[in-house]
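Number of protein chains: 2
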Amino acid sequence: MNTLHQRIMDEGRNLGRGILKVDSFLNHQVDPQLIDQCGRELARRFERVEATKVLTAEISGIAPAVATAFHMSVPVVYARRTRPVTMPEEVLLTVAPSHTRGLPVELIISPEFLGRNERVLVIDDFLATGQTILGLARLVNTAGATLVGVGAVIEKIFEGGRTALASLNVPVESLAIVTDMSDGKIVLA
Amino acid sequence: MNTLHQRIMDEGRNLGRGILKVDSFLNHQVDPQLIDQCGRELARRFERVEATKVLTAEISGIAPAVATAFHMSVPVVYARRTRPVTMPEEVLLTVAPSHTRGLPVELIISPEFLGRNERVLVIDDFLATGQTILGLARLVNTAGATLVGVGAVIEKIFEGGRTALASLNVPVESLAIVTDMSDGKIVLA
Chain A
1 MNTLHQRIMD
11 EGRNLGRGIL
21 KVDSFLNHQV
31 DPQLIDQCGR
41 ELARRFERVE
51 ATKVLTAEIS
61 GIAPAVATAF
71 HMSVPVVYAR
81 RTRPVTMPEE
91 VLLTVAPSHT
101 RGLPVELIIS
111 PEFLGRNERV
121 LVIDDFLATG
131 QTILGLARLV
141 NTAGATLVGV
151 GAVIEKIFEG
161 GRTALASLNV
171 PVESLAIVTD
181 MSDGKIVLA
Chain B
1 MNTLHQRIMD
11 EGRNLGRGIL
21 KVDSFLNHQV
31 DPQLIDQCGR
41 ELARRFERVE
51 ATKVLTAEIS
61 GIAPAVATAF
71 HMSVPVVYAR
81 RTRPVTMPEE
91 VLLTVAPSHT
101 RGLPVELIIS
111 PEFLGRNERV
121 LVIDDFLATG
131 QTILGLARLV
141 NTAGATLVGV
151 GAVIEKIFEG
161 GRTALASLNV
171 PVESLAIVTD
181 MSDGKIVLA
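Chains as they are written, first to last, in this note's numbering: chain A, 1 to 189; chain B, 1 to 189.
Think of the hints as simulated: they come from the structure by calculation, not from any bench. Please note that the accuracy of each hint is not assured.
Identical chains share a label here; the pair holds if one copy fits it or two copies do between them.
Pairs of lysine to any residue, SDA-like flavour, derived with a Cα cap of 25 Å [said to hold, decoys possible]:
hint: 1; residue 1: LYS185; residue 2: GLU112
hint: 2; residue 1: LYS21; residue 2: ARG83
hint: 3; residue 1: LYS185; residue 2: GLY160
hint: 4; residue 1: LYS185; residue 2: LEU20
hint: 5; residue 1: LYS185; residue 2: GLY16
hint: 6; residue 1: LYS21; residue 2: ILE186
hint: 7; residue 1: LYS185; residue 2: ARG119
hint: 8; residue 1: LYS21; residue 2: ILE177
Full structure from sequences and hints, please.
Following this line, the structure appears as C-alpha cells:
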C-alpha cells in the first residue's frame, strides 16, 4: 500500500487534536482507483477468516467497505445513523461516542441483513479510539452473528483503538498506521 | 441491466406512498457486484460527456457513484449533510427538500473539490422528484463548474423528476424505470 502512504504524506493535513484531513481521497472526495486497491488488499489480508458479510458505518466507511466486499464477493451492510422509513420497526441499535462529532451517534441495522449464521468482517475508514467499531461489534453480537475481523484504511495508533479492540479477539488490520501527530507532524509506521 | 430489473422485481417492496424498499441490494445492504455492474453501465452511457468528476449526495448515492467514477477513472465527491470539522469554514451549501425524510436537508461541498474547470456528472441511487439532484446541480453552478449529465440507478418516473430536470439541458439516464407503484404494484418500463 505504498500508494496510500504516499497520498497520506502528500495530501494529508494535520488539523490538530488528532484530526487527520484526508478529504481529497477518502472522506469527501474519493479516489475510486485507490479505494479499490485498498479493498483488494483488505480482502487479501482477511481471505482466511471466511467472512460472509462486510459491515461498516455510514458515511465514510461506505466506499472502502464496498470495495472490500466487492473483492470478497460478499454483501456489505452499512449501519445507519437514523432509521429510514424503509426499515422495520424493530431494529438493532447501539450508541457509540463519536470522536469527530463530540456527540454520541446511533448505529442502526435492520435485523433482516444480519443473521445468526453470518461471519462478519467490520471495515471502516479510520481506526482511532475504536468506539464506532466496538459499537458495530456489539450489533454483531446482539444479532447472534460472529465477528471475524476488523479492518481499517488508516489507523491512528496513538488513540488506543487497537488496545480497545483487543477484547474482541479477532485479527485487526490497517493499511496505514499513523504513529504520531504531535506538533503538526504526520508520521507513518 | 436485466440483473437489476430482476432484483427489483424479486426483492423490491412497495411500502406505499411511492416508497420502494430496495434495502437488500442498494440502500442499506449493498450487493457490490451488482453495483459495480451499474457503475460500469452508467460510465458507458456517459462516455461521451467527458466528465472529470462524479458528484453525489450522502448516503445511498455513494456506492453507485463510486462504482461509476471507478469505471470512468475520475474522482467522486459526495455532498455532506453536515459540515465535518475537516472542511474549510467557507463551503458551498444549498438546501433541498427531502422526499423520504420530510425535512429539508443541507447539501454541503468543500470548494476545494469542485473547481470551475470541472465537468461534473451527478449520480444518485434514486431519481424521484429530482430535488436532491437539482440541489447538486445548483452547487455545480455556484462553483462555476459545468454539469454534463445526471444518472440514477432507479427512476420513479411518476414522481416527475425527469420533467423537473429538463431545464438543466443535460442527458438524464436511469438503469431501471419504475412506471407505476399504485395499488401495491411495482411496474418496470
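Consistency of the hints with the structure:
{"no.": "1", "hint": "LYS185 / GLU112", "in the structure": "between (44 Å within a copy, 22 Å between copies)"}
{"no.": "2", "hint": "LYS21 / ARG83", "in the structure": "between (28 Å within a copy, 13 Å between copies)"}
{"no.": "3", "hint": "LYS185 / GLY160", "in the structure": "within (18 Å within a copy, 52 Å between copies)"}
{"no.": "4", "hint": "LYS185 / LEU20", "in the structure": "within (10 Å within a copy, 48 Å between copies)"}
{"no.": "5", "hint": "LYS185 / GLY16", "in the structure": "within (9 Å within a copy, 54 Å between copies)"}
{"no.": "6", "hint": "LYS21 / ILE186", "in the structure": "within (11 Å within a copy, 44 Å between copies)"}
{"no.": "7", "hint": "LYS185 / ARG119", "in the structure": "neither (38 Å within a copy, 35 Å between copies)"}
{"no.": "8", "hint": "LYS21 / ILE177", "in the structure": "within (15 Å within a copy, 39 Å between copies)"}
Hint violations for this structure: number 7 only, all remaining hints satisfied.
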